[in-house]
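Novice: Sequence:
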Amino acid sequence: MAATSPAKAGDEAPAPLPGPSPDLIERIALFLPDRLMDFLDMVSFGVGIGYGLDVHHQATCFLTLPALGTYNSLSLLNWYPGRNLCTSLVEEQEAGLGPLILYRADFFGGGSGWDKGQPGSGEKHYRGIGLASLDDASHREGFRDPWAVGGAWGPLLLSPRLELALHPVEIVDFLLGTLTFGLVDVCEDDWTSLHPAPPRQ
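Numbering (our numbering), first residue to last: 2 to 202.
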């Protein structure tokens, strides 16, 4: 039997065997968890207690059905889009009708459970009279979803406060993510979008 000749210097190493990429493996492993979180993001809620009067309804930020109130509360439990489960201190003053904002001030701080890049710095946002805009600081920083349909109710001077809203963009995110096996991530909040797998060597 002839002996195999030793490899010579400069010979190329054999090519690695083909196999699934790390990105595909990660996408398969996280498909169901990501879809579950997208499903939960379709609805947000908040339960707290505080003082003030607050009645607010909206069908997107461009159609407010009278919003009037001033409220300070400790939100005991919140679930907000962006996969955020938290507690927080909330202060809001608002007056508006339809697309017209007469006055608005938002404060969201002291929260726990927010991801990096989400509100929680304790900054207060003011908005004077004018039309609703997607460029409002409260929308840019995620404090308010401009496309949400829902409201907040704190009808007594010292009472519980409830927030509840449906988020149409999150519904689209869930449906497209499911139908495309996670390839389309409208809200860019899937684990595979936030933490892409390293390229294969």
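If you are wondering where the hints come from, they were derived from the structure by calculation, not from laboratory data.
Quick caveat: nothing in here was measured; it's all calculated off a predicted structure.
Take the hints with a grain of salt, since some may be wrong.
In silico SDA-like pairs for lysine to any residue, Cα to Cα no more than 25 Å straight-line [to be verified]:
| id | residue 1 | residue 2 |
| --- | --- | --- |
| 1 | Lys125 | Gly151 |
| 2 | Lys125 | Asp186 |
| 3 | Lys125 | Thr181 |
| 4 | Lys125 | Pro147 |
| 5 | Lys125 | Ala106 |
| 6 | Lys125 | Leu98 |
| 7 | Lys125 | Pro161 |
| 8 | Lys125 | Arg84 |
| 9 | Lys125 | Asp137 |
| 10 | Lys125 | Asp24 |
| 11 | Lys125 | Leu180 |
| 12 | Lys125 | Gly152 |
| 13 | Lys125 | Val150 |
| 14 | Lys125 | Leu69 |
| 15 | Lys125 | Leu66 |
| 16 | Lys125 | Thr71 |
| 17 | Lys125 | Ile172 |
| 18 | Lys125 | Leu78 |
| 19 | Lys125 | His57 |
| 20 | Lys125 | Ile29 |
| 21 | Lys125 | Tyr104 |
| 22 | Lys125 | Phe46 |
| 23 | Lys125 | Leu101 |
| 24 | Lys125 | Ala166 |
Novice: Which hint numbers doesn't this structure obey?
Specialist: 2, 3, 10, 11, 17 and 20
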